[in-house]
Amino acid sequence: MATSERKNDPRIDPATGEYRVVAPGQTFKSVTDKITQIVLRPDTPLGWFALFTAAGGIVMILMVALTWLFLKGTGIWAITQPVAWGFAIINFVWWIGIGHAGTLISAILLLFKQSWRNSISRFAEAMTIFAVVCAGMFPLIHVGRPWLGYWLFPYPNSMTVWPQFRSPLLWDVFAVSTYATISVVFWYVGMVPDFGTFRDHAHSKAGQYFYGLLSLGWRGSVRHWMRYETASLLLSGLATPLVLSVHTVISFDFAVAVLPGWHTTIFPPYFVAGAIYSGFAMVLTLAIPLRKFYHLEGMVTDRHIDNMGKVMLATGFIVAYGYGMEAFMAWYSASHWEAFMFWNRAFGPMGWSYWVLITCNLAIPLTTLWSRKLRTSMAFMFFISIVVNTGMWFERFVIVVTSLYRDFLPSSWGTYRATKWDYAVYVGTLGLFTFLFLLFVRFLPMIPMNEIRILLPGAKITPKATAKAGD
Amino acid sequence: MPPREGTYGLLAEFDSPSDLVRAARQARQDGWRRLDCYTPYPVEEAAEAIGFHRNKVPLLTLVGGLMGLAAMFSLETWISVLAYPLNIGGRPTYSWPAFIIPAYEWTILWAGLSAAFGMFALNGLPSLYHPLFNAPNFRSGATSDKFFLCLEALDPKFDLVESRAYLETLDPVSVVEVPY
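Chains as they are written, first to last, in numbering that gives the first Met the number 0: chain Z, 0 to 470; chain G, 0 to 179.
Derived by calculation from the structure, the hints in this document are not laboratory data. Glycine included, C-beta positions come from ideal geometry on N, C-alpha and C. Among the clues, some could well be false.
Stated by the list, open to error - According to the in silico footprint, chain G covers these stretches of chain Z (three or more CB under 8 Å from chain G):
1. 21-34
2. 154-165
3. 168-175
4. 194-203
5. 231-238
6. 446-459
Stated by the list, open to error - Only pairs whose alpha carbons sit at most 25 Å apart, straight line, appear in this in silico DMTMM-like list of lysine to aspartate or glutamate:
7. Lys28(Z) - Glu43(G)
8. Lys459(Z) - Glu44(G)
9. Lys156(G) - Glu176(G)
10. Lys28(Z) - Glu44(G)
11. Lys459(Z) - Glu167(G)
12. Lys459(Z) - Glu43(G)
13. Lys55(G) - Glu228(Z)
14. Lys28(Z) - Asp170(G)
15. Lys112(Z) - Glu44(G)
16. Lys33(Z) - Glu296(Z)
17. Lys459(Z) - Asp170(G)
Hey, can you work out the whole structure from these sequences and the hints?
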């Protein structure tokens, strides 16, 4: 884009030459009114009801699929020998990965003082929690007897049996449960001051009670704020190694096994980068329609979409490095099994899935995301976000299925064909995610008002301010 | 809590954070110690102006994290070595490298919970009632766009008439009395 053309663009901040983080003309009051309006308005937009009904319908599909699963057992899924891990683990890894971008935005970017993340951090965190809800369901339902799911945890019992701490599957239990807990706590702590704002702006008695209880009596004392800031910073500092460890531990589920295609040291960084890649895609999938629907262009600006495109470009290349290294090691290891596995992955009967993955994760996004024009085109970014989410789902599919279906012994080769119940559970979790997210958008502050206020020009402390300078 | 009567303090309202910080600095300089600022977002300068520099949240977090680490690592060791030793591929029962991962997760879990709940506890929250909510202009502004300085009646310098006159010299938008 030519420089002169960009200079006159009102969306560009002349001081930095970047897109603005907050549109000009926003004040403390306008930000508060805008966000509280979305939640505290007495009428709910019809579009919300339409989506909520649709999402609720899909949740019903999930309920039916789970009921049938609990009645019949995991035999209704396509898992068998040799592919004993199917959609359940694919969806688990995919959902957890999506969740990671939320933590990345809220924690890692906070530590790096990337203040542009302030306006998208809240719904990215919400996305994390709902993604973890969907992800956490899969290990529970795939154990076959989900009512005994608590056996995963160490607790004193009359059988005097204890879990086996040398297994990555048990590490997973602790990684994911810690991740879920810390994400919820971080999310809630972040919302407490905004609940205070809602309490003070709610007109209905019910709203005042509801948000009053949730706000815990927050009154904005600066002493409280300072402890709050310390706690937020510490939680970010803790969430950062946590998010990296969670996907690392999940990759151990594969990498600790001796199977060609799984037994590789590239998995932890490659899984984490892939998680962030797909997570940012999901943030875009949610942010682009949301900002349009609720007219939030002043707070979720082109800068956010642009920056997320850049993060996706960077993590996409790490993922590309991971794919390249897998191919390289298949040759360089001189292992017959590795080489066959790789050949079979790309050119075997299920090779189509590998090429879907390469197209969706590398060919389309990594060639187009270089262009700023495309990165700030909402239609294109929405399209890319769907493409990458699809690609990342196929990445997990490729890792799980194409490593398993033709193993060491040709007589045990098989294939994998998902049943309608596999699809029903997967589509059902998409519905559940949307359902929860719609509830969040309707009842909770989806943009952190207190963090946006910090970014406003009025928040600047001037040493010799005149008494009536205003904002 | 026993019912209290009288005045909690005097509340001065300001339009901008700069005015608040200036007023808070002045009040602190003039010897006020029982005072607090109320802002819709964290204003670090205001905290420093009233002499609030350090807090105990980091210490609580550290202690919590270490407790989590110790709890999980000893649990794993006790289970694997004493309570339920299993031979898994001939690995030693005390496989400490494998124990690091759950212990690491629990360090973060306990540290994070200590940071969050410790912060609320130190702040005295939840406390759904506070006298400040009685002030007519507090709830309409303190959580959205106004900045408040409160001189509390517990300060030895406090006098309902004189302190009000003093606050007026700091150029507030308004000064109101906050009853209990």
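Are at least 3 residues of the segment 154-165 of chain Z within less than 8 Å of chain G when you compare beta carbons? holds (count 7)
Are 3 or more residues of the segment 446-459 of chain Z near chain G, judged by a Cβ distance of less than 8 Å? It holds: at least three residues are needed, and the segment 446-459 of chain Z offers 8 whose Cβ sits within less than 8 Å of chain G.
Can the segment 194-203 of chain Z be counted as covered by chain G under the rule of three residues or more with Cβ-Cβ separation shorter than 8 Å? Since 5 is at least three, the answer is holds.
Against the 25 Å threshold, does the CA-CA distance of Lys459(Z) and Glu44(G) hold or violate the hint? Holds. Lys459(Z) to Glu44(G) sits at ~11 Å (cutoff 25 Å).
Under 8 Å between beta-carbons, do enough residues of the segment 231-238 of chain Z, three at least, approach chain G for the coverage claim to hold? holds (count 4)
Lys33(Z) and Glu296(Z) were given as a pair; does the straight-line alpha-carbon distance stay at or below 25 Å? Given pair Lys33(Z), Glu296(Z) holds - Cα atoms ~11 Å apart, limit 25 Å.
Are there three or more residues in the segment 168-175 of chain Z whose C-beta lies within less than 8 Å of some C-beta in chain G? Answer holds; 4 residues pass the 8 Å Cβ test.
Could you grab the alpha-carbon distance between Lys28(Z) and Glu43(G) and see if it respects the 25 Å cut-off? Status holds; Cα separation ~21 Å.
Coverage claim, chain G over the segment 21-34 of chain Z, checked by counting residues with Cβ within 8 Å (three needed): holds (count 4)
Holds or violated: Lys28(Z) with Glu44(G), Cα cutoff 25 Å? 21 Å, holds
Is it true that the CA of Lys112(Z) sits at most 25 Å from the CA of Glu44(G)? The hint holds at about 18 Å.
Given the hint that Lys459(Z) pairs with Glu167(G), does the C-alpha gap stay at or below 25 Å? With a Cα-Cα distance of about 24 Å, the restraint between Lys459(Z) and Glu167(G) holds, given a limit of 25 Å.
Of the numbered hints listed earlier, not one is contradicted by the structure.
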